[in-house]
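Since the structure of chain H is provided, determine the placement of chain R on it from the hints.
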Amino acid sequence: MKTNNSVNRRGFLKGAAASAAAGAAALVTNAEISEAQGTGAGQPGAAPAAGSAPAPVPEQVARDSGNVTPPATVRAVMRPGSDLMTQVLKDLGVEYVAANPGSSFEGLQESLINYGNPPNTVPEFITALHEESAVTMAHGYGKAEGKPMCALLHGTIGVQHAAMSIYQAYYDKTPVLLLAGRDDGFIAAHTARDMAGMVRSFTKWDAQPKTLEESLLAIQRAYSEAITPPTAPTLVVLDIELQKEEAKGLRIPPYKAPQISGVDPTRAKEIAKGLVDAQNPRMAVGRLRTPQGVKWSVELAELVGASTSTTATNGPMSFPQRHPLCGPGANTTYDYTLGLEAAAAQASIMGPGLTTLLSRDTTNIGFGGIAPGEGGSNNRGGGGRGNAPANATPVQADAEASLPAIIEEARRLITADKRRTIQDRIAKHTEANQQARIQAITQAVQSKRAGWDASPISTARIYAELWPLIMNEDWCLSSPSNFSGGHHVQLWDHNKHYSYLGGQGAGGMGYGAPASVGAALAAKSRGRIVVNVQTDGDLNYAPGVLWTAVHHQLPMLTVMHNNRAWHQELMFVAYMAGVRGRGTDRGHIGTTLRDPYIDYAKMAAGYGMASEGPITEPTKLAAALKRGVDAVKRGQPYLIDVITQPR
Amino acid sequence: MFVAVAVAAMIIPIAAAGRAQRGAAPAGNATPPTSPVTGSAAAGKQLYFGYTCYGCHGYNGETGRAFVGNWSSNLASEENFIRFLRGRANVAPATPSTSMPNFAESTMTDKQAKDIYAYIRTFKSNAPELKDIPALNAIINSASRPYKP
Chain H
1 MKTNNSVNRR GFLKGAAASA AAGAAALVTN AEISEAQGTG AGQPGAAPAA
51 GSAPAPVPEQ VARDSGNVTP PATVRAVMRP GSDLMTQVLK DLGVEYVAAN
101 PGSSFEGLQE SLINYGNPPN TVPEFITALH EESAVTMAHG YGKAEGKPMC
151 ALLHGTIGVQ HAAMSIYQAY YDKTPVLLLA GRDDGFIAAH TARDMAGMVR
201 SFTKWDAQPK TLEESLLAIQ RAYSEAITPP TAPTLVVLDI ELQKEEAKGL
251 RIPPYKAPQI SGVDPTRAKE IAKGLVDAQN PRMAVGRLRT PQGVKWSVEL
301 AELVGASTST TATNGPMSFP QRHPLCGPGA NTTYDYTLGL EAAAAQASIM
351 GPGLTTLLSR DTTNIGFGGI APGEGGSNNR GGGGRGNAPA NATPVQADAE
401 ASLPAIIEEA RRLITADKRR TIQDRIAKHT EANQQARIQA ITQAVQSKRA
451 GWDASPISTA RIYAELWPLI MNEDWCLSSP SNFSGGHHVQ LWDHNKHYSY
501 LGGQGAGGMG YGAPASVGAA LAAKSRGRIV VNVQTDGDLN YAPGVLWTAV
551 HHQLPMLTVM HNNRAWHQEL MFVAYMAGVR GRGTDRGHIG TTLRDPYIDY
601 AKMAAGYGMA SEGPITEPTK LAAALKRGVD AVKRGQPYLI DVITQPR
Chain R
1001 MFVAVAVAAM IIPIAAAGRA QRGAAPAGNA TPPTSPVTGS AAAGKQLYFG
1051 YTCYGCHGYN GETGRAFVGN WSSNLASEEN FIRFLRGRAN VAPATPSTSM
1101 PNFAESTMTD KQAKDIYAYI RTFKSNAPEL KDIPALNAII NSASRPYKP
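Protein chains in written order, with the numbering used here: chain H, 1 to 647; chain R, 1001 to 1149.
Hint data in this document are derived by calculation from the structure and do not stem from the laboratory.
Small disclaimer: the values here were computed from a predicted structure and weren't measured.
Watch out, some of these pointers could steer you wrong.
[To be verified] Pair by pair, the computed Cβ-Cβ distance ranges are: (1) R:THR1122 <-> H:TYR597: 53 to 61 Å; (2) R:ILE1140 <-> H:ASN540: 35 to 43 Å; (3) H:PRO265 <-> R:LEU1130: 53 to 61 Å; (4) R:PHE1049 <-> H:ILE187: 21 to 29 Å; (5) H:GLN435 <-> R:THR1109: 52 to 60 Å.
Think of the CB as a built atom: it goes at the ideal place given N, C-alpha and C, for glycine as much as any other residue.
Next up, chain H with everything else stripped away, as it sits in the complex:
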């Protein structure tokens, strides 16, 4: 909506021209002053000698050294709408807004960097070199923290740059808050009547508000929708005029956090009774929504003495892997099993999946794994609900929101006698799980010896050498490990909700580095370090994100799994050639990164990142990793290029 106070593009340009003219006049005045003061040769401002640059005038020196106070100006808009938009983000606790700059959100960007005291904090503006990177940063952050980070997109072109990342976060059921600028009067190709239409099929909710007040409400609602199961990206399109509009006395509407419902009280009692009365209860814990859900799952397991399974080695927000109750337990005959976002025999509490959003698939994409008839997977990144056992009781409710009521009911039901029984069971489980863990690790390390001294370096050795260096740190493995052997699954302890952030979501490449930057944004203020075992093909989609890590001084260690190929595809093509009886000797065409090899240490150095490599000798790996870990512990990103075995 345009108001009398709005500043349109034409008006802005006119004002800018006037300002430029005023600036030019000021320069003339400065020069005149210098002349009037009689500055001579060799003095600042003196005419340059032939072939040399002019010496700076005192005013230039003062300005360059930061000793000049900007002239007082009369603000054309006292309370711009984008200040209020920024305040809404502050009130929601959005820590970061990542963006590649664009004119369609210049009003909001100006507010983000200047509004508030101190300015540019919660949210802090994160400079991205590509919208795809900005959104994937938010994707990585969302998985680490279980809450949205914001990505700001520029018009039609920014939304399209971001589209793959949005799609991937959607598949991964990750909350992301997307804001897109819309400027109807500037470059026609950068605007659209329905900006969100391009990504509607794979966002959960969107809005294109007409007034400033609607804009504020829309941002609040987008945040709520993003964090309500099924968690997913949401998008608000913000017209440039609304960003620049004088808000006058408009008040920010109060925000009401969404009420996420769990199982009904009757079902909560049934489940609690099942767990408490069981001789050997079991909990299967999948991917919960937030860190609080993880805490509640631990509380319930400890309360009823249930051994548990976890998905913490597959992704974030699950039961701590080394918790004494995590493992098969002393007795693997379970008489009551509760699934929390996981299939289980007696009760499987599963939140809504992406299938519940299919009405937004207006272009009839028919998502694989989501659309009806496509089956589904048992993780939050796939199609939502898993395939519960035939005798299971599927309970359609958010597991995390169900836990407080179940815990409360369980507390009521536990008598002193039962408490003693539970304590005894916990002691037995603890012992059994500890022994199982030691046995598993002992077997695993034997298998990791294979190729230990090989050159190129084995991926197992990378993970094995890393663990002693980080095991006593607060760490996050931010990159997918499916292409690098996943050796951390057997060797590392995944005890935090962010220990391992899991896969790409939809298998899209270009994910590892920007997701790691997002994870590192979450880590920076929380004293963590982030480890990114980075596949080479993946990095080359948008390597500029390395610069973002340096620019914002993020604690991100990148260890290149540099097999000089899109190796999975190399194997696919070789396989296909073999099937067709045509030989595999041309399988490298289009699948390898040879002629020339890419020097990732130099690439990182070009973006200002401390780096080393390529490392081909396995004996040099541990020392390099230590240098890298030491650097990120100081808050500085670091990259080590390691030439590796293919897998």
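Using the frame of chain H, we list chain R on its own:
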């Protein structure tokens, strides 16, 4: 390329699972074969890379679908190896029993196969004893430490 890679990557878990099932290697022999070798290992090294054998079996035969420590009966002799390369090419090429590519004689001669076999036979474990690997010992020791939330 982007689409191809992305789509391919999406199906990796499925494909990998399927191939692992289809191509599950029988438990091999820890001891390497001792049958005669007539090919040239030097020539075979070039072919091993050129035919992208390293892609699945590692540059040293120790990683991925490793040979070392897991010597299949298909590698017991040159004859077995060649029979394995050829054996499925004309049987069910579209639905092979393993993910190992088929190699008809038109794509790899017997001599080339023998050279590759000779190179594979040079593979041996160079891994130190476990006690001599500090990182792995540190990992074993870490398994016993108490859980800290």
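Hint by hint, here is what the structure shows:
Distance hint check: the CB atoms of THR1122 (chain R) and TYR597 (chain H) are about 25 Å apart, inconsistent with the given range 53 to 61 Å. The given range of 35 to 43 Å is respected by ILE1140 (chain R) and ASN540 (chain H), whose C-beta atoms sit roughly 37 Å from each other. Distance hint check: the CB atoms of PRO265 (chain H) and LEU1130 (chain R) are about 55 Å apart, consistent with the given range 53 to 61 Å. With their beta carbons about 51 Å apart, PHE1049 (chain R) and ILE187 (chain H) fall outside the hinted range of 21 to 29 Å.
For the pair GLN435 (chain H) and THR1109 (chain R), the supplied restraint of 52 to 60 Å holds, since their beta-carbon distance comes to about 54 Å.
The earlier numbered hints that this structure contradicts are 1 and 4.
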